[in-house]
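*Asks:* Listed below are the residues making up each chain.
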Amino acid sequence: MKRIITTTVINQSGVLNRVTGLLMKRQFNIESISVGPTEQAGISKMTFVVNVEDERKLEQLLKQLQKQIDVLKVNDITDKAMVMRELALIKVVSSPAVRSEIYSITEPFRAAVIDMSKNVTTFQVTGEPEKIDALVDLLKPYGIKELTRSGVSAFVRETQKAPAPQQLSIL
Amino acid sequence: MRDAATQTIQKSGADILIESLKEQGVEMIFGYPGGAVLPIYDALYKNPIRHVLARHEQGAIHAAEGYARVSGKAGVVLATSGPGATNLVTGIADAMLDSLPLVVFTGQVATTVIGTDAFQEADIVSITQPITKHNYQVKNVEDLPRIIKEAFYIASTGRPGPVVVDIPKNIATGMSSAQVSEEVRLPGYQPTTNPNYLQIQKAVQVLAEAKRPLILAGAGVLAAKATSELVAFAEKYQIPVTNTLLGLGGIPGDHDLFLGMAGMHGTYTANTAICECDVLMNIGARFDDRLTGNLADFAPNAKVIHIDIDPAEIGKNVPTDIPIVADAQKALIALLEQPITGPDTTQWLQKLTHNKNSYPLQYSTANKQGILPQQAVQLIHRLTGGDAVITTDVGQHQMWTAQYYKFNNPHNWVTSGGLGTMGFGFPAAIGAQLAKPDEKVVAIVGDAGFQMTLQELSLLQELRLPVKVVIMNNQSLGMVRQWQETFYEERYSQSLLHVQPDFVKLAQAYEIDAYKVETLEDAEEVFRKAFESNEPALIDCRVLQLENVYPMVAPGKGLSEMIGVISK
Ligand SMILES: Cc1ncc(C[n+]2csc(CCOP(=O)(O)OP(=O)(O)O)c2C)c(N)n1
Numbered sequence: 001m002k003r004i005i006t007t008t009v010i011n012q013s014g015v016l017n018r019v020t021g022l023l024m025k026r027q028f029n030i031e032s033i034s035v036g037p038t039e040q041a042g043i044s045k046m047t048f049v050v051n052v053e054d055e056r057k058l059e060q061l062l063k064q065l066q067k068q069i070d071v072l073k074v075n076d077i078t079d080k081a082m083v084m085r086e087l088a089l090i091k092v093v094s095s096p097a098v099r100s101e102i103y104s105i106t107e108p109f110r111a112a113v114i115d116m117s118k119n120v121t122t123f124q125v126t127g128e129p130e131k132i133d134a135l136v137d138l139l140k141p142y143g144i145k146e147l148t149r150s151g152v153s154a155f156v157r158e159t160q161k162a163p164a165p166q167q168l169s170i171l
Numbered sequence: 001m002r003d004a005a006t007q008t009i010q011k012s013g014a015d016i017l018i019e020s021l022k023e024q025g026v027e028m029i030f031g032y033p034g035g036a037v038l039p040i041y042d043a044l045y046k047n048p049i050r051h052v053l054a055r056h057e058q059g060a061i062h063a064a065e066g067y068a069r070v071s072g073k074a075g076v077v078l079a080t081s082g083p084g085a086t087n088l089v090t091g092i093a094d095a096m097l098d099s100l101p102l103v104v105f106t107g108q109v110a111t112t113v114i115g116t117d118a119f120q121e122a123d124i125v126s127i128t129q130p131i132t133k134h135n136y137q138v139k140n141v142e143d144l145p146r147i148i149k150e151a152f153y154i155a156s157t158g159r160p161g162p163v164v165v166d167i168p169k170n171i172a173t174g175m176s177s178a179q180v181s182e183e184v185r186l187p188g189y190q191p192t193t194n195p196n197y198l199q200i201q202k203a204v205q206v207l208a209e210a211k212r213p214l215i216l217a218g219a220g221v222l223a224a225k226a227t228s229e230l231v232a233f234a235e236k237y238q239i240p241v242t243n244t245l246l247g248l249g250g251i252p253g254d255h256d257l258f259l260g261m262a263g264m265h266g267t268y269t270a271n272t273a274i275c276e277c278d279v280l281m282n283i284g285a286r287f288d289d290r291l292t293g294n295l296a297d298f299a300p301n302a303k304v305i306h307i308d309i310d311p312a313e314i315g316k317n318v319p320t321d322i323p324i325v326a327d328a329q330k331a332l333i334a335l336l337e338q339p340i341t342g343p344d345t346t347q348w349l350q351k352l353t354h355n356k357n358s359y360p361l362q363y364s365t366a367n368k369q370g371i372l373p374q375q376a377v378q379l380i381h382r383l384t385g386g387d388a389v390i391t392t393d394v395g396q397h398q399m400w401t402a403q404y405y406k407f408n409n410p411h412n413w414v415t416s417g418g419l420g421t422m423g424f425g426f427p428a429a430i431g432a433q434l435a436k437p438d439e440k441v442v443a444i445v446g447d448a449g450f451q452m453t454l455q456e457l458s459l460l461q462e463l464r465l466p467v468k469v470v471i472m473n474n475q476s477l478g479m480v481r482q483w484q485e486t487f488y489e490e491r492y493s494q495s496l497l498h499v500q501p502d503f504v505k506l507a508q509a510y511e512i513d514a515y516k517v518e519t520l521e522d523a524e525e526v527f528r529k530a531f532e533s534n535e536p537a538l539i540d541c542r543v544l545q546l547e548n549v550y551p552m553v554a555p556g557k558g559l560s561e562m563i564g565v566i567s568k
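Residue numbers (the numbering used here), protein chains in the order written: chain A, 1 to 171; chain B, 1 to 568.
Hints may contain errors.
[As the list claims (entries may be wrong)] Distance ranges between label pairs, derived from CB positions: (1) B:His-498 x A:Asn-51: 48 to 56 Å; (2) A:Val-83 x B:Asn-301: 44 to 52 Å; (3) B:Asn-47 x A:Met-24: 37 to 45 Å; (4) A:Met-1 x B:Ala-554: 30 to 38 Å; (5) B:His-354 x A:Met-24: 43 to 51 Å; (6) A:Met-1 x B:Tyr-45: 53 to 61 Å; (7) A:Arg-110 x B:Pro-83: 56 to 64 Å; (8) B:Thr-111 x A:Asp-54: 40 to 48 Å; (9) A:Gln-27 x B:Lys-225: 28 to 36 Å; (10) A:Asp-54 x B:Val-504: 54 to 62 Å; (11) B:Pro-191 x A:Met-1: 27 to 35 Å.
[Said to hold, decoys possible] Below, a list of computed lysine-lysine pairs in the DSS-like style, where the Cα atoms sit at most 30 Å apart: (12) B:Lys-316 x A:Lys-80; (13) B:Lys-316 x A:Lys-2; (14) B:Lys-330 x A:Lys-57; (15) B:Lys-303 x A:Lys-57; (16) B:Lys-202 x B:Lys-316.
For the record, the hints were derived by calculation from the structure and aren't laboratory data.
Here a beta-carbon is modelled for each residue, glycine too, at the ideal position from N, C-alpha and C.
Could you put the whole structure together from the sequences, leaning on the hints where they help?
*Replies:* So, in structure tokens, the structure goes:
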């Protein structure tokens with residue numbers, strides 16, 4: 001099952017290495033990862049998308065992360081009301097003949113043109129990963145020259161709809 | 001500025017290090033010098049803390065582990081950058097898996113050349129990251145006092161473990177006025193030591209209703225110094241106890257409630273008790289696969305109570321019904337404070353006693369000439385009264401020692417459990433003897449494993465510690481040979497040692513008294529003489545080559561499928 005996990009970490013050098021190394025050592029598969037500073041100086045936040053087999057594996061993952069000295073907080077936010085965004089840059093082959101057709105595709109996705117040359121247009125799009133997947137699929141037939149995605153960044157919404165799901169046994 | 005009032009004393013990183021170590025109460029350092037740590041060695045020269053010069057960094061770190069294990073204090077290691085640091089890797093991994101507190105200082109090339117493949121540069125922080133509890137590279141001299149303080153705190157609190165502090169050469173020579181004392185502030189590290197009251201009550205309820213309860217006690221009991229509480233609890237409720245390999249000594253080896261060790265080479269009684277118990281209370285053990293055997297077959301009918309200071313151990317391998325995150329001593333005290341009626345274990349204990357009497361650890365001497373390794377261990381036990389500090393290497397001799405040396409004291413058993421490191425036993429004995437100068441220390445090692453760190457004979461010669469090295473010489477990589485006999489149709493690929501040094505001459509070259517024994521009578525005489533002496537000694541104890549360790553749970557099998565169980 002796919003889980004979205006955020007960790008707040010002290011921004012020491014090597015902390016990313018430490019956390020990804022831990023996941024590798026324990027055989028967890030990272031699907032995406034994004035890291036950046038937070039509003040607090042010296043504190044960074046990582047968002048992982050991880051595939052785990054079951055609840056027990058998940059509990060183990062969270063506990064192992066929590067065990068790291070530089071990790072302040074670990075949250076599995078998958079089942080909470082949250083905002084989740086990813087950024088993608090997509091370079092599409094776009095001869096003048098198909099350009100307007102391509103625009104009509106990208107427009108509903110609110111993709112912005114950020115670079116352009118005679119036969120190539122670069123779009124920037126943000127949204128949930130599924131939305132980006134969908135746009136990429138639609139653009140594929142025209143020829144994608146280059147694609148890069150930032151990995152998911154996420155946090156919980158200020159107000160939660162339902163009470164948060166039951167916490168795992170001991171964290 | 002010339003203003004005397006605001007002028008502070010500048011000290012070098014190396015001096016700050018030595019001062020911080022003194023402040024931590026460090027009494028000795030195990031190490032080996034080299035270019036990157038010369039400033040630190042120079043500071044040691046001026047300002048002596050006892051330094052123990054091993055002849056190989058692996059020897060230094062295993063000695064520090066032995067010291068840590070019997071003293072309960074953090075072992076301190078110092079090595080140079082690059083090859084010095086990488087020679088420590090095995091010991092660091094060993095300390096990690098056996099939760100031993102170590103603070104390991106490695107030299108590093110100067111920060112100005114880190115990352116350029118400079119002479120003797122190795123990225124030891126990345127190398128050791130998966131095998132340390134935590135590690136640091138010091139980037140500013142000012143950080144040194146804080147980092148050292150944190151390193152000791154992390155290594156020796158919560159679940160103990162190794163911490164590496166990598167010190168670039170220019171940090172050791174850099175000047176700073178940083179003060180030594182600073183509070184440890186680690187917001188991401190707050191080990192839970194007090195048990196949750198509700199969980200304790202739940203445990204009590206489950207135990208009260210149990211018919212066949214069993215305590216599995218691991219090294220966590222020893223680390224928490226909870227052995228008297230363990231014995232008090234077991235006695236109060238008449239609950240039988242089994243130990244993991246590393247937990248031996250948690251309850252006296254001859255206690256009525258003790259069933260012997262559990263696991264791959266555990267006793268029939270202990271392993272079947274695990275299969276049959278209805279409540280299994282694990283205190284400070286991590287359900288290692290050598291203990292559990294096939295998990296599908298492990299304690300199938302039991303409610304599991306798991307007490308551990310490391311929350312990540314709970315539920316890792318075995319699903320737990322009642323998790324208690326706590327220091328083992330605090331948890332046992334909390335449990336002892338609860339009024340429990342029951343359980344009634346009379347019938348259960350009767351059955352276990354019957355099993356103990358019917359299926360004791362035993363070996364056959366029929367048609368065998370020469371010394372059996374089991375007999376040698378029993379002899380050592382008899383001559384030391386079960387009170388010596390015993391270290392072992394890894395292999396058959398280790399399992400025989402675990403089986404036949406009945407440990408009376410909690411801090412007299414030093415072995416490499418989790419990593420199973422050959423070469424551990426001998427240097428660990430030197431460290432143990434340094435920690436406990438007045439106790440008898442015996443290193444029981446294999447002829448193969450001894451050859452992995454025998455250069456430390458030179459250290460033994462220098463220190464003249466009364467360590468006794470007993471080589472269980474079966475002229476083979478015994479445990480490997482046993483597996484090849486059992487699982488590879490006697491294809492002894494690379495496990496028979498046709499060429500051996502003359503261990504007696506070897507020891508004599510180091511000016512250490514040495515003996516070779518080939519009969520039990522000789523062994524008795526030589527052991528007795530050696531154990532009474534206050535000098536180091538080495539005994540090349542020739543034992544039968546083809547003897548095997550039984551009983552055994554074959555790899556992949558469950559605890560109920562033991563082989564080699566013989567009834568009396
Ligand atoms: C460093 C290391 N290399 C290899 C092994 C695998 N191994 C486990 S036991 C063993 C044989 C040990 O032989 P010896 O030291 O003579 O002890 P014995 O089993 O004969 O008592 C080997 C090679 C190990 N545990 N450690």
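*Asks:* Tell me if the straight-line CA distance from Lys-316 of chain B to Lys-80 of chain A falls inside 30 Å.
*Replies:* It holds: about 25 Å lies between the C-alpha atoms, which stays within 30 Å.
*Asks:* Should the hint that Asn-47 of chain B and Met-24 of chain A are 37 to 45 Å apart at their CB atoms be regarded as holding?
*Replies:* 42 Å, holds
*Asks:* Under the criterion that the straight-line Cα-Cα distance not exceed 30 Å, is the pair Lys-303 of chain B, Lys-57 of chain A satisfied?
*Replies:* 20 Å, holds
*Asks:* Holds or violated: are the alpha carbons of Lys-202 of chain B and Lys-316 of chain B at most 30 Å from each other?
*Replies:* At roughly 21 Å apart (the allowed maximum being 30 Å), Lys-316 of chain B and Lys-202 of chain B satisfy the hint.
*Asks:* Determine whether the Cβ-Cβ distance between Val-83 of chain A and Asn-301 of chain B falls within the hinted range of 44 to 52 Å.
*Replies:* Given a distance of about 47 Å, which is inside 44 to 52 Å, the answer is holds.
*Asks:* Taking 27 to 35 Å as the hint, is the beta-carbon distance of Pro-191 of chain B and Met-1 of chain A inside that range?
*Replies:* 30 Å, holds
*Asks:* Do Met-1 of chain A and Tyr-45 of chain B keep their Cβ atoms within the hinted range of 53 to 61 Å?
*Replies:* 60 Å, holds
*Asks:* Measuring from beta carbon to beta carbon, are Asp-54 of chain A and Val-504 of chain B in 54 to 62 Å?
*Replies:* With Cβ atoms ~58 Å apart, the hint holds.
*Asks:* Mind checking the hinted window 40 to 48 Å against the Cβ distance between Thr-111 of chain B and Asp-54 of chain A?
*Replies:* This hint holds: roughly 45 Å between Cβ atoms.
*Asks:* Indicate whether the distance between the beta carbons of Gln-27 of chain A and Lys-225 of chain B respects the range 28 to 36 Å.
*Replies:* 35 Å, holds
*Asks:* Within 48 to 56 Å: is that where the Cβ-Cβ distance between His-498 of chain B and Asn-51 of chain A falls?
*Replies:* With Cβ atoms ~51 Å apart, the hint holds.
*Asks:* Using the C-beta atoms of Met-1 of chain A and Ala-554 of chain B, is the stated range 30 to 38 Å upheld?
*Replies:* Given range 30 to 38 Å: holds, Cβ gap about 35 Å.
In this structure, none of the earlier numbered hints is contradicted; all agree with it.
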